[in-house]
Amino acid sequence: MCYLRGGGRVGEIKAAGKRRLNDDEERAAAEGLLNPDDETEEDERPIRMQARSAGGRERRGGAGMSVMDALRELDGGRRAAEDEWGDTPTGVQVKSDGTVRYCRKCATFKPDRAHHCSSCGYCVLKMDHHCPWLGGGCVGWANYKCFLLFLWYSGALGLFVAATTLLELIAFVSEDPNNFELAPIAWALVFFLGVIFGLSIGLFGSYHFYLAARNRTTLENMEGAGSVLPSSSRDPHAHFRPNHALSRRERWKLEKANSNFNIYDHGVKANLVQIFGGWESRWIWLLPVGWPPGDGTSFPIDREKLTKLRQVTAEIRLGRGRDEEEAPSGWEDPRAIRRA
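In this text, residue positions in the sequence shown follow full-length UniProt numbering: the first is 1, and each later residue adds one.
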């Protein structure tokens with residue numbers, strides 16, 4: 001069964017023989033400055049990175065440029081946003097502080113919708129949840145179709161067993177009303193277990209079909225699709241505010257925007273195609289075989305919804321419109337005074 005393949009790993013990183021990054025290098029990797037896949041020895045490994053100065057000029061550093069120098073070049077370790085916020089090397093999602101999604105445990109970048117599973121010990125592509133009961137570990141991009149089919153068929157099996165047991169009991173009693181007291185107790189147990197099992201698994205499968213129709217995972221439905229960068233920032237004083245710097249109302253607005261502007265939702269038909277495949281693979285739609293379309297690292301994005309989500313993100317993360325709403329009368333923005 002293809003469920004046993006797991007949800008799909010982010011890369012094939014072996015713990016043995018791979019050097020762990022130190023704190024400075026992890027910061028640089030999170031900023032997109034350092035390539036963690038370089039396999040050279042620690043003493044001989046050149047640190048190659050690219051930094052963007054405050055004036056927008058690119059500066060390249062080799063072995064003679066330390067990680068901390070590059071971080072200082074980025075004004076405290078944050079990638080400059082004077083020119084334009086845009087897509088990251090891993091997609092459109094970023095951490096809540098605006099940095100590239102980087103897993104310190106796996107020492108690799110995380111593509112959109114991927115998450116690290118502490119139980120499995122690696123990052124899972126389009127992770128939905130960890131499920132130890134079926135032997136496959138995590139449910140994700142590679143085996144979500146198989147998981148859906150398992151729920152549907154298991155729920156149908158439970159209801160089928162309950163229905164056939166009930167029919168057999170009715171036929172047994174209809175022969176003689178006194179047979180009801182003589183009916184094996186096991187029939188009643190099988191009937192009730194079939195109903196409970198079929199309804200619970202069936203409802204769980206219906207819930208996941210609803211998520212699939214909306215192109216959401218369980219994690220995204222509970223926590224949101226994640227943070228994105230604003231579309232542009234011409235203000236050199238713009239500062240990307242992380243979640244802990246936001247008020248409760250601002251966090252609620254971001255969660256609401258993530259729910260309203262689902263950038264991965266392209267309609268029910270297109271969403272299901274990303275799981276079951278297109279018309280050419282219709283023969284295996286209901287069979288637990290085959291692979292989903294794509295590579296699990298990038299997904300089609302609704303650019304119109306992404307633009308709207310970035311506008312809301314700019315208003316909240318960068319504080320656009322916040323000064324005008326909260327500033328008392330007679331107050332002047334010191335940034336405007338400095339520009340003047």
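Calculated from the structure, these hints are not laboratory results.
Computed from a prediction, not measured in an experiment: that's the story for all the values here.
Every residue gets a Cβ at the ideal spot worked out from N, C-alpha and C, and that includes glycine.
Accuracy of the hints is not assured; some may be wrong.
Derived DSSO-like pairs: lysine-lysine, alpha-carbon spacing no greater than 27 angstroms straight-line [what the hints assert, rightly or not]:
(1) K308 x K253
(2) K269 x K95
(3) K95 x K105
If you anchor each label on the Cβ, the simulated ranges turn out as follows [to be verified]:
(4) M222 x W279: 52 to 60 angstroms
(5) K308 x R248: 21 to 29 angstroms
(6) S118 x K256: 24 to 32 angstroms
(7) I301 x K256: 15 to 23 angstroms
(8) G278 x I301: 15 to 23 angstroms
(9) S200 x L167: 19 to 27 angstroms
(10) S206 x G290: 16 to 24 angstroms
(11) W283 x E223: 31 to 39 angstroms
(12) M222 x I196: 53 to 61 angstroms
(13) K308 x A186: 28 to 36 angstroms
(14) P184 x R251: 56 to 64 angstroms
(15) A156 x A186: 19 to 27 angstroms
(16) D295 x S247: 35 to 43 angstroms
(17) G278 x A163: 29 to 37 angstroms
Problem set entry | Supplied distance hint 16 to 24 angstroms, evaluated on CB atoms of S206 and G290 | 23 angstroms, holds
For this session: Return holds or violated for the Cβ distance of A156 and A186 against the range 19 to 27 angstroms.
Result: 22 angstroms, holds
Exercise. For the pair supplied as a hint, K308 and K253, is the alpha-carbon distance within the 27 angstroms limit?
Worked result: Status holds; Cα separation ~13 angstroms.
Exercise. Would you say the C-beta atoms of K308 and A186 sit inside 28 to 36 angstroms of each other?
Worked result: Roughly 58 angstroms apart at Cβ, these two residues miss the hinted range, so it is violated.
Exercise. Does the Cβ pair K308, R248 satisfy 21 to 29 angstroms?
Worked result: Check passed, 23 angstroms falls within 21 to 29 angstroms.
Exercise. Within 27 angstroms, alpha carbon to alpha carbon, are K95 and K105?
Worked result: Within the cut-off at roughly 16 angstroms; holds.
Problem set entry | Straight-line alpha-carbon gap K269 to K95, limit 27 angstroms | 30 angstroms, violated
Problem set entry | Distance restraint evaluation - G278, A163, Cβ atoms, bounds 29 to 37 angstroms | With Cβ atoms ~35 angstroms apart, the hint holds.
Exercise. Is 56 to 64 angstroms right for how far apart the beta carbons of P184 and R251 are?
Worked result: 58 angstroms, holds
Exercise. Holds or violated: 31 to 39 angstroms for the Cβ distance of W283 and E223?
Worked result: At roughly 36 angstroms between Cβ atoms, E223 and W283 fall inside 31 to 39 angstroms, so the hint holds.
Problem set entry | D295 paired with S247, Cβ distance criterion 35 to 43 angstroms | 39 angstroms, holds
Exercise. Okay, M222 versus W279 on CB: inside 52 to 60 angstroms?
Worked result: At 33 angstroms between Cβs, range violated.
Hint compliance for this structure: hints 2, 4, 12, 13 are not met, and every other hint is.
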